[in-house]
Amino acid sequence: MPLSQPPRDEHGKVMPHDHEGIDSTNGIIRRITDQHIVEDAQGRKRLSSMAFNPSSGPQGGMSVDLQAQIEEAGLNCREFINTTTPQCTGAVRFQAGALRGENLQVGFSPLPTNPYHGEVWGNFTDAMKRRILPSLASWFMEIEGVSISARS
Amino acid sequence: MTSAQTRSRPMPIKKDIVSEAPVTPVGYLMTDSGQKWREPVIRRLNDLVALQPGWDGYDGVPVTFENAYFVIRVLEACCYGDDPTPQIVPGASGDLQIEWHLERGDIELHILGPNDVHAWYVDENTGFDGEEVPLTNDFNMVLRWIRNLTEPTRATVPAASR
Numbered sequence: 001m002p003l004s005q006p007p008r009d010e011h012g013k014v015m016p017h018d019h020e021g022i023d024s025t026n027g028i029i030r031r032i033t034d035q036h037i038v039e040d041a042q043g044r045k046r047l048s049s050m051a052f053n054p055s056s057g058p059q060g061g062m063s064v065d066l067q068a069q070i071e072e073a074g075l076n077c078r079e080f081i082n083t084t085t086p087q088c089t090g091a092v093r094f095q096a097g098a099l100r101g102e103n104l105q106v107g108f109s110p111l112p113t114n115p116y117h118g119e120v121w122g123n124f125t126d127a128m129k130r131r132i133l134p135s136l137a138s139w140f141m142e143i144e145g146v147s148i149s150a151r152s
Numbered sequence: 001m002t003s004a005q006t007r008s009r010p011m012p013i014k015k016d017i018v019s020e021a022p023v024t025p026v027g028y029l030m031t032d033s034g035q036k037w038r039e040p041v042i043r044r045l046n047d048l049v050a051l052q053p054g055w056d057g058y059d060g061v062p063v064t065f066e067n068a069y070f071v072i073r074v075l076e077a078c079c080y081g082d083d084p085t086p087q088i089v090p091g092a093s094g095d096l097q098i099e100w101h102l103e104r105g106d107i108e109l110h111i112l113g114p115n116d117v118h119a120w121y122v123d124e125n126t127g128f129d130g131e132e133v134p135l136t137n138d139f140n141m142v143l144r145w146i147r148n149l150t151e152p153t154r155a156t157v158p159a160a161s162r
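Line by line, the protein sequences are chains A and B.
In terms of the numbering used here, the first sequence has 142 at position 142, counting the first letter as 1, and numbering is strictly consecutive.
In terms of the numbering used here, the second sequence has 152 at position 152, counting the first letter as 1, and numbering is strictly consecutive.
Since the hints were derived computationally from the structure, they do not count as laboratory data.
For glycine and all other residues, C-beta sits at the position ideal for the given N, C-alpha and C.
Check the hints yourself; a few may be wrong.
[As the list claims (entries may be wrong)] Every beta carbon over 12 angstroms from chain A, so not counted as near; a handful from chain B, in silico:
#, residue
1, K36
2, R43
3, D83
[Claimed, not checked] Derived pair list, reagent style DMTMM-like, types lysine to aspartate or glutamate, alpha-carbon separation capped at 25 angstroms:
#, chain 1, residue 1, chain 2, residue 2
4, B, K36, B, D47
5, B, K36, A, D40
6, A, K45, B, E131
7, A, K45, A, D34
8, A, K45, B, E124
9, A, K13, B, D59
10, A, K45, A, E144
11, B, K36, B, E76
12, A, K45, B, D47
Work out the full structure: start from the sequences and follow the hints.
Here you go:
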């Protein structure tokens, strides 16, 4: 079922919200590029905490793709991400319920270029970006030789 | 030329820029030839200010020139010439993060804007979540952190000193 339109401010900008149409079992996809990859002290590659950083600004959220909505449209999620973003090197996946369990909001924020775009809003503390979100993520499109977190 | 094209056009970072909002200088004054980190950092910054809009697969924009220049100022203030070259990661909104991942710990400086830095440090004494400190134009603390992580014969300076 298509998601209902999200709440917007007077300028038409999507406001932070938790969309009831996004089920807690739904996959929330976060695209990863090679710009997000760093090396640890042993030369092993992993994702920077910036891979889990939201946009700046008072209503800035972390951009994501809504897996269920992509698949309900009859599209292959991996193919959709690769087709629309050649720059995308990989992607990680969260479960919506796991994000909500950390007091984050998972919402719908369609764009002209991506009708399945969502955002995650909340308090992105250092612990959230460096420990919690990496621990909740799993590879959806794995980048060979790259760990998601410092502990994986 | 559109503002987006201007923003994404590759331009060299000037080595002699003088900031109107000076960073408190600490450590040694170094010539360019004495700073091993300088050239690779400038190359990296040139790449980041030239990122194409949408580089992150979403609405990411290139790192701003202001933030790139500020990175040089920060590193001049807290790095000795032979300190490890940091890694630099772009954010989605023109921001960027300077990162050191070393044997004894990690430092991350999230540059939200000139004089608007969110600093994070972790070593064996801080616990896994480390220490978070907002910084503006005084990077004495970062200088101490780098010394803590790079000078094996030096007694560890408490990270919480302010």
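Structure-based check of all given hints:
no.	hint	in the structure
1	K36	holds, 17 angstroms
2	R43	holds, 14 angstroms
3	D83	holds, 14 angstroms
4	B:K36 - B:D47	holds, 18 angstroms
5	B:K36 - A:D40	holds, 20 angstroms
6	A:K45 - B:E131	holds, 23 angstroms
7	A:K45 - A:D34	holds, 11 angstroms
8	A:K45 - B:E124	holds, 21 angstroms
9	A:K13 - B:D59	holds, 14 angstroms
10	A:K45 - A:E144	holds, 10 angstroms
11	B:K36 - B:E76	holds, 12 angstroms
12	A:K45 - B:D47	holds, 20 angstroms
In this structure, none of the earlier numbered hints is contradicted; all agree with it.
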